[in-house]
Amino acid sequence: MDNSQGIKKKINIFGKVGKIITIILIVCMYIAEGALVAGTIVTAILPKDAVTLTVNGSAHAVIDGSFVTVDQGDSKLDFKVGNFAVAGMDDENADIKIDGSRIDASFRSGSVTYDLWDALRICIAGIFAVAGVLVALYFLKSLMKELAVCDTPFCSGVVTKMRSFAIALIPAAIAGEVANTIIGATVSHCMSIGFSVNLGMISLVVVIFLLSMIFGYGAQLQKQYDETV
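Position in the sequence shown counted from 1, then plus 91, gives you this note's numbering.
For the record, the hints were derived by calculation from the structure and aren't laboratory data.
Hints are supplied without guarantee of correctness; some may be wrong.
[As the list claims (entries may be wrong)] Think about it this way: if two alpha-carbon atoms lie no more than 25 Å apart in a straight line, the pair counts; the simulated DSS-like pairs of lysine-lysine are:
#1 LYS99 with LYS110
#2 LYS236 with LYS110
#3 LYS110 with LYS232
#4 LYS107 with LYS232
[Unchecked claim] Here are the simulated distance ranges between beta carbons:
#5 PHE300 with SER197: 46 to 56 Å
#6 VAL133 with LYS99: 43 to 53 Å
#7 ASN103 with VAL153: 57 to 67 Å
#8 THR243 with CYS119: 28 to 38 Å
#9 TYR229 with ASP195: 46 to 56 Å
#10 ALA152 with ASN103: 50 to 60 Å
#11 THR143 with ILE104: 51 to 61 Å
#12 LYS107 with ILE261: 21 to 31 Å
#13 ILE122 with LEU295: 17 to 27 Å
#14 VAL133 with ILE98: 45 to 55 Å
#15 GLY125 with PHE300: 25 to 35 Å
#16 PHE105 with VAL133: 39 to 49 Å
#17 PRO262 with LYS107: 25 to 35 Å
#18 ALA152 with LYS100: 55 to 65 Å
None of these values were measured; they are calculated from a predicted model.
Yeah, the Cβ is synthetic: ideal placement off N, Cα and C, and Gly gets one too.
Full structure from sequences and hints, please.
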């Protein structure tokens, strides 16, 4: 009995601490959301060309030629590392000097200009991403609140809250991936439609669903035991 009371106390403490941390995260997300909304309003009101930013990219690398080979021909640069090759880099955007086994390479990219509409797209994408996180945090807070007062984690309340939190993570993950796509396209100025899979988030959702099933089975056993006694 003492052991079960000790476990219950630890679970309740975990729930209370988790609830406090979740509330702090929710406050931080609200601050971020407020800043993004303010940024969206400002960038939407101001003229598109009120602020422009031009960025030029460059990189410099020193490579050991004993591991990497470079073939310069037909205004293209072909790199080969072992059995792997990268072909077709434009010679005009690269300056490569080969000195024995040492390769000194400088790469340049064209200038990219950003205006307030680019900032507006990023702010809007950020609003949806943060909103998805906020929804998931509220469900997590509800789960922590249940753990803080439960007599046992194997109860219907904990199982229901855990399953709801797992479901809430799905739209949060989708919103995050869409936001990353929009932001990436805006920064690179190359609009493309694509889909990427966040394996970490998918794994987390699957694990939480599995835990909810395990806890649900434990809740059924607990109920049968109580009815038997």
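Taking the hints in turn, this is what the structure says about them:
1. LYS99 with LYS110: Holds, at about 16 Å.
2. LYS236 with LYS110: holds (6 Å)
3. LYS110 with LYS232: holds (5 Å)
4. LYS107 with LYS232: holds (10 Å)
5. PHE300 with SER197: 46 to 56 Å: holds (50 Å)
6. VAL133 with LYS99: 43 to 53 Å: Holds - the Cβ-Cβ distance for VAL133 and LYS99, about 51 Å, lies within 43 to 53 Å.
7. ASN103 with VAL153: 57 to 67 Å: Once the Cβ atoms are compared, 58 Å apart, the range 57 to 67 Å for VAL153 and ASN103 holds.
8. THR243 with CYS119: 28 to 38 Å: holds (32 Å)
9. TYR229 with ASP195: 46 to 56 Å: This hint holds: roughly 54 Å between Cβ atoms.
10. ALA152 with ASN103: 50 to 60 Å: Roughly 55 Å apart at Cβ, these two residues keep to the hinted range, so it holds.
11. THR143 with ILE104: 51 to 61 Å: holds (54 Å)
12. LYS107 with ILE261: 21 to 31 Å: holds (27 Å)
13. ILE122 with LEU295: 17 to 27 Å: holds (25 Å)
14. VAL133 with ILE98: 45 to 55 Å: holds (52 Å)
15. GLY125 with PHE300: 25 to 35 Å: Cβ of GLY125 to Cβ of PHE300: about 33 Å, so the range 25 to 35 Å holds.
16. PHE105 with VAL133: 39 to 49 Å: holds (42 Å)
17. PRO262 with LYS107: 25 to 35 Å: Holds: the Cβ-Cβ distance is about 28 Å, inside 25 to 35 Å.
18. ALA152 with LYS100: 55 to 65 Å: holds (57 Å)
Hint violations for this structure: none, all hints satisfied.
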